[in-house]
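There are 2 protein chains.
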Amino acid sequence: MRWVRYEREGGVRFGVVEGDAVAEVAGLPFDDPPRTGRSVPLASVKLLPPVIPPTFYAAGINYRQHVLNAQAKGLATQIPKQADIGYRAVNALVGPGDAIVIPRGSTGKIEFEGELVVVIGRKAKHLSAQDALSCVFGYTIGNDISERTWQRGDRTFWRGKNADTFKPMGPWIETDIDLDKLVTTVRLNDKEVSRFKTNDMIFGIAHWISTMTQYLTLWPGDVIWMGTDDPTLEMVAGDTVEVAIEGIGALSNPVVGE
Amino acid sequence: MRWVRYEREGGVRFGVVEGDAVAEVAGLPFDDPPRTGRSVPLASVKLLPPVIPPTFYAAGINYRQHVLNAQAKGLATQIPKQADIGYRAVNALVGPGDAIVIPRGSTGKIEFEGELVVVIGRKAKHLSAQDALSCVFGYTIGNDISERTWQRGDRTFWRGKNADTFKPMGPWIETDIDLDKLVTTVRLNDKEVSRFKTNDMIFGIAHWISTMTQYLTLWPGDVIWMGTDDPTLEMVAGDTVEVAIEGIGALSNPVVGE
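Going down the list, the protein sequences come from chains A and B. For the first sequence, position 214 matches number 213 in numbering that gives the first Met the number 0, and the numbering has no gaps at all. For the second sequence, position 169 matches number 168 in numbering that gives the first Met the number 0, and the numbering has no gaps at all.
Excised from the complex, chain A in its bound form:
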């Protein structure tokens, strides 16, 4: 099933995509919500980020080639020894088609990276690796925008990773996935610039979830962005960037200056 979150008549709704239509539901996707009986054309609704997470987790460095290429550029990036999860901020989320706005004052390269996003469906603590995927509701797509000067110069990742609009997510949550078949494709102005096996991670999703839940509770709607593989490329105002994962969909966003 494909779950969307969208605007209709000034309100925010969830629904299930069925062909070219959206069947509206009453409640959150994670609560097995009843259908309202209303159906609207998919093309007629403004899609929003498919969920607003209570906590927004990010794996960060999670693909081998990404580390090797960073090292080749002279960066101190290392293959991580353990799955230490990071955080991103809800203010930075935008939906499919929304503009990525390069903030005034940016002097650095702005890069974009395609990521698989895990969406949690139920409260989970102390899961074994074997049981870890049982708390997953589905998957969506993220485009991880970074301002590299701020990322290196600031004490935290606040402007470099979490400026408004720096975390496009969508277009929907897909619940039926074969992780090992997924391929991530990243496009800049319709030209493919990156392609990698989505599940070829340093630490797999089950390992991340099991490790995290030894110390923290995952809640319905939490998202975990799983990192990206190389190459990553620069974007500038006027570009359009797209992340597609076969079996999920495509997330496309224009880039503008503030």
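FYI, nobody ran anything at the bench for these hints, they're computed from the structure. Where is the CB? At the ideal position from N, CA and C, for every residue including glycine. There's no promise every hint is true.
Stated by the list, open to error - Covered stretches of chain A (chain B as the covering partner; in silico rule of three or more C-beta atoms under 8 Å from a C-beta of chain B):
#1 46-54
#2 63-74
#3 84-94
Unchecked claim - With a straight-line Cα cutoff of 16 Å, these simulated EDC-like cross-link-like pairs (lysine to aspartate or glutamate) come out:
#4 A/LYS72 with A/ASP238
#5 B/LYS80 with A/ASP153
#6 B/LYS45 with B/ASP19
#7 B/LYS124 with A/ASP229
#8 A/LYS196 with A/GLU245
#9 B/LYS122 with A/ASP163
#10 A/LYS122 with B/ASP177
#11 A/LYS80 with B/ASP153
#12 A/LYS122 with A/ASP30
#13 A/LYS45 with A/GLU6
#14 B/LYS108 with B/GLU233
#15 B/LYS124 with A/ASP163
#16 A/LYS124 with B/ASP163
#17 A/LYS124 with B/GLU257
#18 A/LYS108 with A/ASP153
#19 A/LYS190 with A/ASP238
#20 A/LYS45 with A/GLU8
Given the coordinates of chain A, work out where chain B should sit on it, guided by the hints.
Chain B in isolation, oriented as in the chain A frame:
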């Protein structure tokens, strides 16, 4: 006014404290909600963290003596040159009276720190320092728990700062505050262990908000934890820790092992 968030009849409510009673409202404190007409004794309700923030911000290092004492211990801590905001995680929040649980596997010192918490009341972007406090709804209290081995050894602050129960917050949001008169007092088992002028910060609240909102949007309910001054002390299972700020209230939590 003092705003509380609490459990009643299996649901979560907001209300205004009036003497020994809570006047229930319908809606969020930030939306000028109407009163329902129901009133319950304050002592009869289970207080929750007074807000669940969309984004949970933390200033981190924000008091001079805290830096000097860290340096005296041989740590690399520096007086920050700019107001780079950090992030904490919603899973870690607990309310007044809730247990702080030291996770299994902790080998490090666990320390606690009293912090003023700013609660945002309206959407804000590009505020000048002069206008910055106009988006503040009120203030509450936070107790910032850290597991120092994980804080130093992990690549991120996930276990060291954001394990479940590591961020007690409450007991309520106070809207009528004279910042310059506030004094923070921290107690371990009823013995005072720290006392500092709450508003004696390296970067003040208006400077933080103005700086942040040049790049990000603050939303109603967002919280900013403002950091702590020294001394900070260790706590162990069996202790009770309390942070009090005159004019706001006191936040007390017992410590237990997992």
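Do the hints match the structure? See the list:
no., hint, result
1, 46-54, "holds (count 3)"
2, 63-74, "violated (count 0)"
3, 84-94, "holds (count 8)"
4, A/LYS72 with A/ASP238, "violated (25 Å)"
5, B/LYS80 with A/ASP153, "holds (10 Å)"
6, B/LYS45 with B/ASP19, "holds (14 Å)"
7, B/LYS124 with A/ASP229, "violated (34 Å)"
8, A/LYS196 with A/GLU245, "holds (11 Å)"
9, B/LYS122 with A/ASP163, "holds (13 Å)"
10, A/LYS122 with B/ASP177, "violated (40 Å)"
11, A/LYS80 with B/ASP153, "holds (10 Å)"
12, A/LYS122 with A/ASP30, "holds (12 Å)"
13, A/LYS45 with A/GLU6, "holds (6 Å)"
14, B/LYS108 with B/GLU233, "holds (6 Å)"
15, B/LYS124 with A/ASP163, "holds (10 Å)"
16, A/LYS124 with B/ASP163, "holds (10 Å)"
17, A/LYS124 with B/GLU257, "holds (13 Å)"
18, A/LYS108 with A/ASP153, "holds (15 Å)"
19, A/LYS190 with A/ASP238, "holds (11 Å)"
20, A/LYS45 with A/GLU8, "holds (11 Å)"
Of the numbered hints stated above, those contradicted by the structure are hints 2, 4, 7 and 10, listed in ascending order.
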